[in-house]
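Line by line, the protein sequences are chains A and B.
Read in order, the letters of the first sequence correspond to residues 317 to 703 in the numbering used here.
Read in order, the letters of the second sequence correspond to residues 317 to 703 in the numbering used here.
Hint data in this document are derived by calculation from the structure and do not stem from the laboratory.
There's no promise every hint is true.
Claimed, not checked - Simulated restraints on C-beta separations:
#1 A:L636 to B:Q689: 54 to 64 Å
#2 A:G652 to B:I351: 31 to 41 Å
#3 B:D632 to A:P517: 49 to 59 Å
#4 A:R460 to B:P544: 35 to 45 Å
#5 A:P437 to B:G496: 57 to 67 Å
#6 B:W669 to A:A399: 31 to 41 Å
What the hints assert, rightly or not - In silico contact screen, one side only, chain A against chain B (beta carbon under 7 Å); selected entries:
#7 L375
#8 T378
#9 S397
Ideal Cβ positions, reconstructed from N, Cα and C, are used throughout, including at glycine.
Number of protein chains: 2
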Amino acid sequence: MRVLIAFDKFKHALDAPGACAAAARGVRARYPKAICDECPLSDGGEGFANLLTRASHGLLFTRLVAGPLGNVVRASYGLVSVASVPPRVRARIEPPASPWRDSDHVAVVEMAAASGLALVPAGDRDPLRSSSAGTGELLRAVARPDVVAILLGVGGSATSDLGLGALTEVGYKFHDAAGGRVIPLPQNWSRITRITGSAPPQMPPVFIACDVVNPLCGPNGAAAVYGPQKGLALAAVPRVDAEAARLARMVCEYRQLHPDLPKKPGAGAAGGIAFGLMAGLGAQLLPGAELVGDWFELAQRIQAADVVLTGEGSFDGSSLAGKGPGAVVVAGRAAGKPVHVFAGRFGLPQTAWMHPVTPANLSLDEALSRTAQLIERAVAETCLSAM
Amino acid sequence: MRVLIAFDKFKHALDAPGACAAAARGVRARYPKAICDECPLSDGGEGFANLLTRASHGLLFTRLVAGPLGNVVRASYGLVSVASVPPRVRARIEPPASPWRDSDHVAVVEMAAASGLALVPAGDRDPLRSSSAGTGELLRAVARPDVVAILLGVGGSATSDLGLGALTEVGYKFHDAAGGRVIPLPQNWSRITRITGSAPPQMPPVFIACDVVNPLCGPNGAAAVYGPQKGLALAAVPRVDAEAARLARMVCEYRQLHPDLPKKPGAGAAGGIAFGLMAGLGAQLLPGAELVGDWFELAQRIQAADVVLTGEGSFDGSSLAGKGPGAVVVAGRAAGKPVHVFAGRFGLPQTAWMHPVTPANLSLDEALSRTAQLIERAVAETCLSAM
Numbered sequence: 317m318r319v320l321i322a323f324d325k326f327k328h329a330l331d332a333p334g335a336c337a338a339a340a341r342g343v344r345a346r347y348p349k350a351i352c353d354e355c356p357l358s359d360g361g362e363g364f365a366n367l368l369t370r371a372s373h374g375l376l377f378t379r380l381v382a383g384p385l386g387n388v389v390r391a392s393y394g395l396v397s398v399a400s401v402p403p404r405v406r407a408r409i410e411p412p413a414s415p416w417r418d419s420d421h422v423a424v425v426e427m428a429a430a431s432g433l434a435l436v437p438a439g440d441r442d443p444l445r446s447s448s449a450g451t452g453e454l455l456r457a458v459a460r461p462d463v464v465a466i467l468l469g470v471g472g473s474a475t476s477d478l479g480l481g482a483l484t485e486v487g488y489k490f491h492d493a494a495g496g497r498v499i500p501l502p503q504n505w506s507r508i509t510r511i512t513g514s515a516p517p518q519m520p521p522v523f524i525a526c527d528v529v530n531p532l533c534g535p536n537g538a539a540a541v542y543g544p545q546k547g548l549a550l551a552a553v554p555r556v557d558a559e560a561a562r563l564a565r566m567v568c569e570y571r572q573l574h575p576d577l578p579k580k581p582g583a584g585a586a587g588g589i590a591f592g593l594m595a596g597l598g599a600q601l602l603p604g605a606e607l608v609g610d611w612f613e614l615a616q617r618i619q620a621a622d623v624v625l626t627g628e629g630s631f632d633g634s635s636l637a638g639k640g641p642g643a644v645v646v647a648g649r650a651a652g653k654p655v656h657v658f659a660g661r662f663g664l665p666q667t668a669w670m671h672p673v674t675p676a677n678l679s680l681d682e683a684l685s686r687t688a689q690l691i692e693r694a695v696a697e698t699c700l701s702a703m
Numbered sequence: 317m318r319v320l321i322a323f324d325k326f327k328h329a330l331d332a333p334g335a336c337a338a339a340a341r342g343v344r345a346r347y348p349k350a351i352c353d354e355c356p357l358s359d360g361g362e363g364f365a366n367l368l369t370r371a372s373h374g375l376l377f378t379r380l381v382a383g384p385l386g387n388v389v390r391a392s393y394g395l396v397s398v399a400s401v402p403p404r405v406r407a408r409i410e411p412p413a414s415p416w417r418d419s420d421h422v423a424v425v426e427m428a429a430a431s432g433l434a435l436v437p438a439g440d441r442d443p444l445r446s447s448s449a450g451t452g453e454l455l456r457a458v459a460r461p462d463v464v465a466i467l468l469g470v471g472g473s474a475t476s477d478l479g480l481g482a483l484t485e486v487g488y489k490f491h492d493a494a495g496g497r498v499i500p501l502p503q504n505w506s507r508i509t510r511i512t513g514s515a516p517p518q519m520p521p522v523f524i525a526c527d528v529v530n531p532l533c534g535p536n537g538a539a540a541v542y543g544p545q546k547g548l549a550l551a552a553v554p555r556v557d558a559e560a561a562r563l564a565r566m567v568c569e570y571r572q573l574h575p576d577l578p579k580k581p582g583a584g585a586a587g588g589i590a591f592g593l594m595a596g597l598g599a600q601l602l603p604g605a606e607l608v609g610d611w612f613e614l615a616q617r618i619q620a621a622d623v624v625l626t627g628e629g630s631f632d633g634s635s636l637a638g639k640g641p642g643a644v645v646v647a648g649r650a651a652g653k654p655v656h657v658f659a660g661r662f663g664l665p666q667t668a669w670m671h672p673v674t675p676a677n678l679s680l681d682e683a684l685s686r687t688a689q690l691i692e693r694a695v696a697e698t699c700l701s702a703m
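Take these sequences, add in the hints, and give me the full structure.
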């Protein structure tokens, strides 16, 4: 029996490789000879660079960069040989007719590693003072002749700065009326009246893996929808949103781009860095879950499996809309395979293929500290009855 | 049946991966179900960086550097995750108690890629004007915080400059009596009276894979033994040898090293770059064939094989002294496995396990142009009769 084990992380409790390993132990407890194909998933946030790089025999590199609040953080990125990039992804990011060589690489960069919410203690979270500059430092670090494309995952960000911090690291400058430099934190935005500079010509093409479809501004914009969960006071949302709209106009004018770019679905991703990098670096948005699935060759692995197991901390309606474990469910069923989902919490009516890993009598704290064990047990029990 | 196919290159005709692939085709022609474990070997020369890097899931990087005569060449080096370096090699190069991390790498650098004889057209070969500076550029390129050790293969070099060219690239300067800078080509050596500068403190430890035991100077020295095959006129040997001895003394005095360092076995390797890097960078010599064998985990792969095939262009007594295919023969027999050697030319009395791939009636030119086909046929015929 071949079992595909494609879990995403259980937030605050267990990373995706840990969840997969726990589930594999659960399978083997019942079927010692089962072949477990462990495929830890990534939603573009924490773990994105590490998982994608490892999956394609790449190398991890580490740099000290500015964290969201300017403190120094250790951020990793990956380089993967173009030849090792799965074909379906290569087809999306390959510049036409490029003569691929042995030493051409794709860089895998993760915004969460440099500008992630998890890097900021809960009490200090404040998008008004948070910058994506560290992500820009990573982009600059991989802008080398051997890098033919940059793949950027933007989940889990702490910032709502339109990516202007990142743009300062690749050559843009923001000025006040007197011509002085302004650090483009949202708290300083009102002082910005002019932009200068540009990205270096040798910047490789940037592709942003992104599933959100929010525009940059308005009621569905970055500040309104994602600001509060990053620590933005609700009272500050209207001001930040208005200033974001003003700056976005300024950026579009400076770069001579269509004024509707901020309305593009996804422009509001990750505090608007999607907009900033589209405008400043010509970055392109790619559907994140699909891209990650292609990177991990999920379709082939589902096809090769007899049973498919997936899971994440909280599984709800939005999961089924096409992200991570939800996409595994959809693809697994389409391929006619038995699929089982394991989650700490289910946010939709439960059916036979949904398996809560948390016993009803367990406190949340206890559940979080024993997640691996709970997953292992739930999988083993499911194996006994349902497969 | 599991067949280990460990060929080195057939010089001027076929690289090691090509030779292994040809032999594998020969095996499969007779035994379609045989499992062929292809293990292309390296003698530290051309192909060293590529083969070692690929064997350990590393990445190749390319740089434009100065070739032996100062022209620009495209040289590749590899980075390999420390975790992927085979344990026996790691044990040799691991600095004690270093906290290995995800993003620690070993750099694999090949002198032949930057300063190789094959980069110089036959008519232009001249050690008096040839520099190892390009190798120094590669060493400088990999002197980065993530590189914890540099492994340097020095086979196939075009130079006889004591590695002084490489040392200029990592911080040393050579001066004439008037204090002016001298490019330390052998033709300029007589003008050098003083050394200044030093290597940067962040230079990672350098390990040189090297099998020759020649000292730097004298009748067994670099100039006398290897100079002529690199294009050095015999008449120039005594002068170059004497100047090399003088400069080596100067280097040892400047670096406050024991004056016998030039006599150390191996100091004369690759035009004396072994001496130069030992003196200037504290490089250490490692037995090359053994190190490469450990890198490829040859012992384990021989153990797992039912039959062992090896080969190279020319196989003679020196091969059996412990290099490449010779070492495979010795280890294969020690493990009690049937071993077959395939070569274009055998320089020792032939026995049943030696198989010439070149039919007697074939011209050398023809043999060189059809090497792959000849290897495939010889292996297929051997399979029929002997295994």
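Structure-based check of all given hints:
Taking 54 to 64 Å as the suggested C-beta distance range, the pair A:L636 and B:Q689 conforms, at roughly 57 Å. Checking the proposed 31 to 41 Å range against A:G652 and B:I351 shows it holds: the Cβ atoms sit about 33 Å from each other. For the hinted restraint 49 to 59 Å between B:D632 and A:P517, the CB-CB distance of approximately 54 Å keeps it satisfied. Between A:R460 and B:P544 the Cβ separation comes to about 41 Å, which falls inside the hinted range of 35 to 45 Å.
For A:P437 and B:G496, the Cβ-Cβ distance of about 59 Å falls inside the hinted range of 57 to 67 Å, so the restraint holds. A beta carbon spacing of about 37 Å between B:W669 and A:A399 agrees with the range 31 to 41 Å that was offered as a hint. Annotation: A:L375 was flagged as interfacial toward chain B, and the flag holds, the nearest CB pair being 5 Å apart, inside 7 Å. Nearest Cβ of chain B to the Cβ of A:T378: about 4 Å, under the 7 Å cut. The hint holds.
Of the supplied interface hints, the one on A:S397 holds, with its beta-carbon coming within about 6 Å of a beta-carbon of chain B, less than 7 Å.
This entry satisfies every hint, going by the numbered hints stated previously.
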